[in-house]
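Asks: This is what each chain is made of:
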Amino acid sequence: MSIKIPKPEEMIRVSYKPPRTPWMDTPVDFRPGTWSYSGAAKNLIYLDLPNPRAWQPYEEDWKLPENWKDIIIEGMRERLGKYRSFKLFMDLCVRCGACADKCHFYMGSGDPKNMPVLRAELLRSVYRRYFTESGRRFGRLAGARDLTVNVLKEWFYYFYQCTECRRCSVYCPYGIDQAEITIMGRELLNLVGCNINWVIEPVANSFRTGNHLGIQPGGVKDMLEFLAEDIEERTGVKLEVPINKKGADILFITPSGDYFADPGTYTCMGYMMLFHEIGLNYTFSTYASEGGNFGLFTSHEMVKRLNNKIYAEAKRLGVKWILGGECGHMWRVIHEYMDTMNGPADFLEEPVSPITGTLFENARSTKMVHIAEFTADLIKHGKLKLDPARNDHLRITFHDSCNPARGMGLFEEPRYVIKNSVRHFYEMPEDTIREKTLCCGGGAGLGNDENIEMRMRGGMPRAMAVKHVKEKHGVNRIACMCAIDRSTLTSLMEYWVPGVTVTGVHELVANALVMKGEKDRTTDLRGEPFKEKTDDEAL
Amino acid sequence: MKLYNRGIIIAGIVVFLAAVTFPFWYDRGKTIAPPAIELDTPAIQKLADKRCVEDTAFMRDNHMKLLASWRESVVRKNVHTYTSKDGRVFEMGLTGSCLKCHENKSRFCDRCHDYAGVKPNCWNCHINPEEVL
Amino acid sequence: MNMVFSLLAIVILIFIAMGGAAIAGLKPVFFVVIPCGAFAVFVAGFIHRILSWGRLPVPFSIPTTCGQAKSLPWIKCDYLESPPCTATVIGRMALEVLLFRSLFRNTRLYLYDERPVYSSAKWLWFFALLFHWSLLVIILRHMRFFIEPVAPLINGLAAIDGFFDIAIPTIFLSDAAIVLALTFLFLRRVVVRELRYISLLTDYFAVVLILCVAITGILMRHFFPVDIEEVKTMALGWVTFAPYVPKEMSALFYIHLLFVSVLLAWFPFSKLMHMGGVFLSPTRNMANDSRMSRHFNPWNAPVKVHTYEEYEDEYRDKMKAAGLPLDKE
Numbered sequence: 025m026s027i028k029i030p031k032p033e034e035m036i037r038v039s040y041k042p043p044r045t046p047w048m049d050t051p052v053d054f055r056p057g058t059w060s061y062s063g064a065a066k067n068l069i070y071l072d073l074p075n076p077r078a079w080q081p082y083e084e085d086w087k088l089p090e091n092w093k094d095i096i097i098e099g100m101r102e103r104l105g106k107y108r109s110f111k112l113f114m115d116l117c118v119r120c121g122a123c124a125d126k127c128h129f130y131m132g133s134g135d136p137k138n139m140p141v142l143r144a145e146l147l148r149s150v151y152r153r154y155f156t157e158s159g160r161r162f163g164r165l166a167g168a169r170d171l172t173v174n175v176l177k178e179w180f181y182y183f184y185q186c187t188e189c190r191r192c193s194v195y196c197p198y199g200i201d202q203a204e205i206t207i208m209g210r211e212l213l214n215l216v217g218c219n220i221n222w223v224i225e226p227v228a229n230s231f232r233t234g235n236h237l238g239i240q241p242g243g244v245k246d247m248l249e250f251l252a253e254d255i256e257e258r259t260g261v262k263l264e265v266p267i268n269k270k271g272a273d274i275l276f277i278t279p280s281g282d283y284f285a286d287p288g289t290y291t292c293m294g295y296m297m298l299f300h301e302i303g304l305n306y307t308f309s310t311y312a313s314e315g316g317n318f319g320l321f322t323s324h325e326m327v328k329r330l331n332n333k334i335y336a337e338a339k340r341l342g343v344k345w346i347l348g349g350e351c352g353h354m355w356r357v358i359h360e361y362m363d364t365m366n367g368p369a370d371f372l373e374e375p376v377s378p379i380t381g382t383l384f385e386n387a388r389s390t391k392m393v394h395i396a397e398f399t400a401d402l403i404k405h406g407k408l409k410l411d412p413a414r415n416d417h418l419r420i421t422f423h424d425s426c427n428p429a430r431g432m433g434l435f436e437e438p439r440y441v442i443k444n445s446v447r448h449f450y451e452m453p454e455d456t457i458r459e460k461t462l463c464c465g466g467g468a469g470l471g472n473d474e475n476i477e478m479r480m481r482g483g484m485p486r487a488m489a490v491k492h493v494k495e496k497h498g499v500n501r502i503a504c505m506c507a508i509d510r511s512t513l514t515s516l517m518e519y520w521v522p523g524v525t526v527t528g529v530h531e532l533v534a535n536a537l538v539m540k541g542e543k544d545r546t547t548d549l550r551g552e553p554f555k556e557k558t559d560d561e562a563l
Numbered sequence: 024m025k026l027y028n029r030g031i032i033i034a035g036i037v038v039f040l041a042a043v044t045f046p047f048w049y050d051r052g053k054t055i056a057p058p059a060i061e062l063d064t065p066a067i068q069k070l071a072d073k074r075c076v077e078d079t080a081f082m083r084d085n086h087m088k089l090l091a092s093w094r095e096s097v098v099r100k101n102v103h104t105y106t107s108k109d110g111r112v113f114e115m116g117l118t119g120s121c122l123k124c125h126e127n128k129s130r131f132c133d134r135c136h137d138y139a140g141v142k143p144n145c146w147n148c149h150i151n152p153e154e155v156l
Numbered sequence: 003m004n005m006v007f008s009l010l011a012i013v014i015l016i017f018i019a020m021g022g023a024a025i026a027g028l029k030p031v032f033f034v035v036i037p038c039g040a041f042a043v044f045v046a047g048f049i050h051r052i053l054s055w056g057r058l059p060v061p062f063s064i065p066t067t068c069g070q071a072k073s074l075p076w077i078k079c080d081y082l083e084s085p086p087c088t089a090t091v092i093g094r095m096a097l098e099v100l101l102f103r104s105l106f107r108n109t110r111l112y113l114y115d116e117r118p119v120y121s122s123a124k125w126l127w128f129f130a131l132l133f134h135w136s137l138l139v140i141i142l143r144h145m146r147f148f149i150e151p152v153a154p155l156i157n158g159l160a161a162i163d164g165f166f167d168i169a170i171p172t173i174f175l176s177d178a179a180i181v182l183a184l185t186f187l188f189l190r191r192v193v194v195r196e197l198r199y200i201s202l203l204t205d206y207f208a209v210v211l212i213l214c215v216a217i218t219g220i221l222m223r224h225f226f227p228v229d230i231e232e233v234k235t236m237a238l239g240w241v242t243f244a245p246y247v248p249k250e251m252s253a254l255f256y257i258h259l260l261f262v263s264v265l266l267a268w269f270p271f272s273k274l275m276h277m278g279g280v281f282l283s284p285t286r287n288m289a290n291d292s293r294m295s296r297h298f299n300p301w302n303a304p305v306k307v308h309t310y311e312e313y314e315d316e317y318r319d320k321m322k323a324a325g326l327p328l329d330k331e
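So the sequence lines, in the order shown, correspond to chains L, C and V. With the working numbering as the guide, the letters of the first sequence map in order to residues 25 to 563. With the working numbering as the guide, the letters of the second sequence map in order to residues 24 to 156. With the working numbering as the guide, the letters of the third sequence map in order to residues 3 to 331.
FYI, nobody ran anything at the bench for these hints, they're computed from the structure. Glycine is no exception: its CB is placed at the ideal position from the N, C-alpha and C atoms. Do not rely on the hints blindly, as some may be mistaken.
[What the hints assert, rightly or not] Computed cross-link-like contacts, DSBU-like style, restricted to lysine-lysine with a CA-CA straight-line distance of at most 30 Å:
1) L:K339 / V:K322
2) V:K273 / L:K41
3) L:K460 / V:K273
4) L:K339 / V:K330
5) L:K270 / V:K273
6) L:K269 / V:K124
7) V:K322 / C:K25
8) L:K106 / C:K25
9) V:K78 / L:K460
10) V:K306 / L:K339
11) V:K78 / L:K344
12) V:K330 / L:K41
13) C:K128 / C:K142
14) V:K78 / L:K443
15) L:K409 / V:K273
[Said to hold, decoys possible] A short, non-exhaustive set of chain L residues, derived as facing chain V with CB atoms under 10 Å:
16) K41
17) D53
18) G57
19) M139
20) S158
21) L237
22) G238
23) V244
24) K269
25) G342
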């Protein structure tokens, strides 16, 4: 099915006027292009998730279990007892509205239920009705309402129109984080079997094959060897691809998007070239062949089920510590959840760079280091020979991915790496980068094709910031450190800012990397010719 | 009851309790009588009709407003006499009228003002009769 | 609609207070029972709510990082926006609680020339800060009614607050500021259509109630004076457990006192509990140290996982064919 969506010049004319009817009286319209297909029964069955069935969100009958309401209310009760964040965020909001126009989906759609405050009220109103005295007694006057099928449909529509990017949380005077509320909302929806296939299929795949894309062990090996051949073709350097290698010092985990789909593959080639050049004793894994964790878009339990493989594999292979590739929500999980869920990682060593001797103190307990931290340290110690002029055909800007930005605080390392790898780097406007960065519109499992209109709407603010630097500085490539970004920003740029393509940070490093024994390189990893050496050199 | 982050939460509650119950601690064990103001100055004793400009209840609530309006009349409008509600006529002036009877600032004005934490600005210009004596 | 109902609630309260003022026999109710009851509900309710949050575990370390994390020694850490330890968390919380750091970031979105533009919008921050600080000053100034002798600190605060010495009695800056700020906050809710759309009854009620408290107070100070000696004697009666019922008081005073009582009693059950709750917010009060030291989840439940053995069992032939090493041949 191909979905017709408005042209950019139509889509940009967003009306922020709320509907005439109060929000409680405004039902959801499942308009094509704004929602995602339901999770397929086979995936739910594989994962032992409740209520597997054939259904679609636009249908009248969602085939909910008979006692669905009790399940949801009980589910809320359980979570209100397990998460301080959930209860606080239900209680604290004063509806000051500071978050309202901070959400990229609201900016792009004008739908008031995409204001984080109102998206949270969708759940809060039910919380008040069943868990507070005033809500029980005064009902709607106290902002409470009954849980009905329509409310559940509203939850589904809007909790799958939130990319858990946490931008609202930056601006909230109480730090209320819509991501936490969306996570809870999705957990509740999952209790009655309402989820989307673009999340649940990768989860099922990852659980079974080790990666979201469902690539079996031989496939992983083929892909990586194929990349190694490409590298040899471009650089003349033949390199090894260590997989499932016991006795390696370091287990390297990266999202499967990096070795499976362009332009992520170039980033993956970047990692491999870097590791080869510094002589790192590392290994890929087929069992833990996924850095990303779509469990985060399902439930905390699912996060833990999928994340488990990383430490388990590190233990099995007997590595010293773990290095992680460029990914967004993967790093939210690793930084904020992994150690708590599946640690302590007392079978690993505190991470020390074998090249520079640097102890990564910030990863002392979790024992997993971000590739940007690792590479920045290499560059700082002068261990890499980089020729940034090789990237002169590129004018780069950098997109801070939501999770490393607001769930980790990783800002300077990638910038340091980029600035040492390219000579033309331009920041987007201040309100759109670092902790204020704008989502690509396709995070949290929403990067599918049936949801294309919402993706383009949600990505509009990011795209417009790119357009700004394109027009001002001639930027032609946007760098990012997230596999989902690399895929969704690509279509976002095609739609809003044609002429700008997407790259990972380590692709830029690899372009600039002068390797031992390399041939006279004339093209970058994509086969695009380097810029002729001109007067520029004299600068 | 199991509390998480127990120490800091208990500490926070203690600070809260200390703040909101501060007056209870500050005043504990005190029996505080409302201030008694002294009206037995020689000048008042000499008066046959011991009545102020207006009745006591009015004066208690409104003396500051009355004085302010007097100042306004004298300084801005050059009107110097005040006719009370019951028809008596007075010269408007703190020093000229009020302090003639109430010459005991410390035992009259101050008692209530200190009690209620009021700092009138009368004495920025006017002389305290007690200091003259 | 919500706004109308909240105003209606205010009017009802005014009528109740005026009714009380008309019936002398109800004085002990309005001057002792209601205020003392309201205070007790406030204190007990406040603590109850804090404990209701405190009882809940914080399963994961979820600080929202708004600045560079502590990482490599040569990268400058943003200690206040991404605090790596307790001391810096305290700094972050202090900025948040005392200066409303996050609200200071506020921007307003405009579509200009088919582009989103983020214009600075500090008004909300400014008036919110003005309101909260004014309220604190006003509450502290009111301590003069509750403590005897009046502490020099309280008198000093009043002196500063009345610094400009305008009018008699002196106009307090905090009085003017709170009315101004609350009027802004109210009008904002009424005028901005997005805000009107999300506002609940309680949102209007909270602002209007506090505004009415302020206005009745100002009216008593500047226009319809009451005998504050009686007021203080009554207030001291509460705190020394020797209730005192004052003589005739104006209806205005009844209204003021009833509004304050309602505010106190309602406080713990309303959104106003953000006063206590903000300290507990996990996205702000946690250190960004989750890779440095392990955060402990008390209910870290076991889950069904897919082990390597199961994986190898399923793919053994394929792995062998691909030449991948196996644990079990």
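Asks: Now, for every hint given, state plainly whether the structure supports it.
Replies: Evaluated hints:
1. L:K339 / V:K322: holds, 22 Å
2. V:K273 / L:K41: Between V:K273 and L:K41 the Cα gap is close to 27 Å, so the pair holds against 30 Å.
3. L:K460 / V:K273: holds, 27 Å
4. L:K339 / V:K330: Holds: L:K339 and V:K330 sit about 17 Å apart, inside 30 Å.
5. L:K270 / V:K273: Distance ~56 Å between L:K270 and V:K273 Cα, so the pair is violated.
6. L:K269 / V:K124: Violated, at roughly 56 Å.
7. V:K322 / C:K25: The given pair, whose Cα atoms are some 53 Å apart, is violated under the 30 Å limit.
8. L:K106 / C:K25: Holds. L:K106 to C:K25 sits at ~13 Å (cutoff 30 Å).
9. V:K78 / L:K460: holds, 19 Å
10. V:K306 / L:K339: Holds: V:K306 and L:K339 sit about 18 Å apart, inside 30 Å.
11. V:K78 / L:K344: holds, 28 Å
12. V:K330 / L:K41: Violated, at roughly 64 Å.
13. C:K128 / C:K142: holds, 13 Å
14. V:K78 / L:K443: holds, 17 Å
15. L:K409 / V:K273: violated, 58 Å
16. K41: holds, 7 Å
17. D53: For L:D53, the interface hint is violated, since the closest Cβ of chain V sits about 17 Å away, which is over 10 Å.
18. G57: Since chain V brings no Cβ nearer than about 21 Å to L:G57, farther than 10 Å, the hint is violated.
19. M139: Because about 7 Å separates L:M139 from the closest Cβ in chain V, which is inside the 10 Å limit, the hint holds.
20. S158: Holds. Min distance 6 Å.
21. L237: It is violated, given that the least Cβ distance between L:L237 and chain V is near 15 Å, above 10 Å.
22. G238: violated, 12 Å
23. V244: holds, 9 Å
24. K269: This hint holds: L:K269 lies near chain V, its Cβ roughly 7 Å from the closest one there, short of 10 Å.
25. G342: violated, 12 Å
Of the numbered hints given earlier, the model fails hints 5, 6, 7, 12, 15, 17, 18, 21, 22, 25; all others are met.
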